[in-house]
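Colleague: Protein chains in written order, with our numbering: chain R, 1 to 373; chain H, 1001 to 1274; chain X, 2001 to 2461.
FYI, nobody ran anything at the bench for these hints, they're computed from the structure.
Some hints here could point you the wrong way.
Pairs of lysine-lysine, PhoX-like flavour, derived with a Cα cap of 25 Å [to be verified]:
1) H:K1063 x R:K120
2) X:K2210 x R:K120
3) X:K2270 x X:K2161
4) X:K2461 x H:K1126
5) X:K2212 x X:K2436
6) X:K2210 x X:K2436
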Amino acid sequence: MGGSTEPPILKERRPMYRKFKLNLPQFILAIALIVLGLSTDFSLSRTELDVAGKNLTSIGLLTGGVIFYVGILLIISMFQNETILSIAILFPSMVAIAIFVYGFIGWSIRVSLSKWKGLKPDFTWAGLTQYVNLFHNDPRFIIDIRNTAVFTVGFIAGCLLLGLALAILLDQKLKGEAIFRGIFLFPMSISFIASGVVWGWLMNPATGNRITGINLIFQSLGLKSLISLWHSTPQPWGMAFTVIPAVWQLSGFTMALYMGGIRSVSEDLREAARVDGASEFQIYRYIIFPMLQPVTLSAVIILGHMSLKIFDLIVALGNKDIRLDVPGIYMWTTTFDGTNYARGAAIGILMLVSVAILVVPYLVQNMRTETQL
Amino acid sequence: MTRRIVVHTLIYIVLIALSIFYLLPIYLMLLTGFKAFNQVDLKTMWALPNAGLHIQNFIAGYKQLAPNLTNSLVMVIPEAILSSLLGSLNGYLLAKWKFRSSNLIFSLILFGMFIPYQSILIPLVKFMQAIKLYGDIPGLVLVHIIYGIPITTLIFRNYYAGIETEILEAGRIDGASLMGLYRYIMFPLSAPSFAVVIIWQFTQAWNEFLFAVVLTNQSHWPVTVALNNLAGSQLVQWNVLMAATLLAALPTLLVYLFLGRYFLRGLMAGALKG
Amino acid sequence: MYSRKVNFALFSLLIAAILVLSACGPAATPTAAPVTQAPATQAPVVPTATPAPTPVEIFSWWVGPGEADGLAAMIKVFNAQYPQYTIVNAAVAGGAGTNAKAVLATRLQANDAPDSWQAHAGQETIANYVTAGQVQPLDDFFKSTGFGAVLPPTLLPLISKDGHPYSVPVNIHRSNVLWYNPKVLAAAGVTANPKTDFKTLNDFFAVCDKIKAAGKVCLSLGAPWTAIHLFENIMIGTMGADKWNGLWTTPPTTDWNSADVKAGIANFAKALSYTNSDASTLPDWQTASKMVSDGDAAFNIMGDWAYGYFANPAPNGLALKPHVDFDWAVAPGTYGIFNFLSDSFVLPVNAKHPDGTMAWLTVAASKAGQEAFNPLKGSICARTDCDQSLFSEYSQDAAKDWTSNVVVGSLMHGVVAAPAWANSIGTAIGLFQASKMDAAAQADFQKALVAACSSDGTCAK
């Protein structure tokens, strides 16, 4: 359960001052690796490496760098300072993230504060003009915000509820559980583009003699009242239908999460409650559900960031219909169809900010209390 | 006991009804994939293929996708393995070695999961060009590994946090070092988590289009780009496209069908448990 | 203790080895063979001539049947004339080239331009690539090959800036074509002949009322971009060629705030009222066109690439009979007007293989190249001297119109407006479609068009 601070058992058992413990075979290996790495990089920076017709120079450089770094790590480990060693091992990831995430986003922020329109970079300072324009003069952006809200709420609620329901159903220890699990899980393997296209067909709203898709099934079953306009329903409810393919794809994932959460409640606990006279329903409601909170939180974060960035699915489903517009699509068409790079970057940064609003308070709280994520 | 049977029957009915919901799109894809071109029409969506099963669609789709399938495999397998190893190391350090800034570092790494990838395409390409990894598969592998660091670290960190620290403490007393603990205690216990991460990364990288189309040259396109090209610009052959989509989804589909239980076991063992 | 450290080191070496091994994967064969039964020419790495042929990378979005065949045919002509080069066909699919343009823009930013790429002739090329200084003028090329002399005079200014041409048009497509099903018209008791009787849009709407009364859709519409396509042809049909051209000059001679634009918007709203309600959920334009040939709709305003879809044999087309199962006329109100779009190729600045690019442009501009490409793509030659007997009946009609009609440029397909401007107009159209389309919404739409011109176009701010 979250909230308790894990006793830092594994903190240093030795003081932090440097204490070098020379381990000769390891030292020699470290030196060998450092030399090997440096010489590889040195020689590759002078010549090209061609293996079977492919230019592997960069990979060779990278490999040389890795070898060199491993040697450095071996030496660091001899200092018996585990904090430094931990940071050293984490260091490459941190550098990579610093460049590929923070560096690039910094570039994007800089672009969003400029006037760049057209294929020639133009970093003239424009302050917050792009952002102001988006919020004040732009009906399309308002539609985006509304659609994102509808989609996010529907998607997360749908996945959580359906996933929980499936997990509970499969918790009943039925035969054939594995088959059902497989069926519910496998939509995750389909790409968003493919599922958007297929669900677009299924949810086709044509009526009359052009009726097709699920509407046609309803008609042949005599369920005419269920025939719907699906995602062409007048706004804002049309957007809610776009949630269906997304939930189809990811409810198996939440189901698996919840199954894990439910199974972590020991059977003894449940048995004890049964002995005390609790019904199954009460067991679920009062014992199991509260223990699912951390799982739910993980799921909300993962699903939330997907829904705020959603792009492929809506394009495949809606063909860039403005009624189903979301920031991801708006950013794409503004940047690449309209060559308005500054405005597109502003939309992208706003997308990031919206996710941050969802996630950062949680991360900060996590940092402070040291609860697990 | 009859009440139990009634309840179980009801549950089965619900499960089967839900299964239909989950299987309907695949059924439609198969149905369309076996039709001839002039039979493909929204109006006749549910009609069974007349004139037999049009296997040519799958053959044509396969011919179109074959070279790119190899590209995808060569890209995805090393990427999944390497990013899971990296995530495992990171997760271990961040979960079990709580030095002062470990939470801060974790939060900063995790934040990388949230950026919209369209907005960083240009600086990404420029950087990959600068380090001469642009245009070919190794560069794409590197990019997927790096952008996979946040989620893999998250999953492993959660998983390791659920492992009792007493085990490590025992190893500590035996005199194991930081990496020794990892090598001899944590790593062997990580199988469920590795299953989750490898399968997740495999699926993500396999189905990914944006980086694939921007970072590779024409001869190194993964299967997602080839599939997109089957969609054509002015005329779409839906029957071949559906057949090819099924073919392209086959590896991930098989992974989930056959290895899905490990994925589930891993999740149930607490890979993302709070 | 040391054995563990060694293990760790060896472990890392194993990681490095995997990384190296992954780079040694099998190289994919560089082809992008189109999926058709037609004998498509692949883009081979020719293993014959020594030294190895220089690759010339051609970037486009021609991947579907018809267009891919046309490109392949032109490549074949190229290979015959220039065996020292080999074409790398780097086409990327995606509606109206949206993916290809994204990849291209990213590559241009990174100074990794292909040897040549497809760009719509007109503002899409001028405002984009010329303004950014990414393509070179082709004056000498036009003179030395005589290409400039065989292009129609109305086309040359549209592909030039300050008098210098910047792209080589390979084809001409017509946007203002009205496809219709004679059987549907007959069944609804319509006696008007679309080829002669739709002099104004009101004539067309009167017929629509009859079709609607007969229970059919009058005007079929597809994915959102087809609404922009419809919009431009309705506007031209309302205000005529001169006023339409006047909207796009610098500064515009036709005021976006004028009554002409207002009338056009009103007609657009009326036209939309006759369309199928599920339009925007249709996957692309083909489904809408098929509604006509299926007899569910009477009319469809679409470019002339629909001809190939209707008439070509399976699997590239529906193998229908012209004049029986489907027929064509010019969009209502646009008699004597040719609303064109054109695909063209450019010469990049800092071209990697400039001779290769010039060779490609020579073939693209040549009679042989255009005669190979256009019949398969369903368009007509940009050149005025192609052999007309190679073309279908529709294309021959179109070629005659091309030389005699007044030529105006398409908005949807990149001729008259820069991408940023076209994008803003597209957004405004989409928002209008999503609204009630009453008088108030029409006024808002006009305001949005005026604003688009000020912020992204050539109007004074």
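Colleague: Hint by hint, where does the structure go against what was stated? Just the numbers, ascending.
Modeller: 1, 2, 3 and 4
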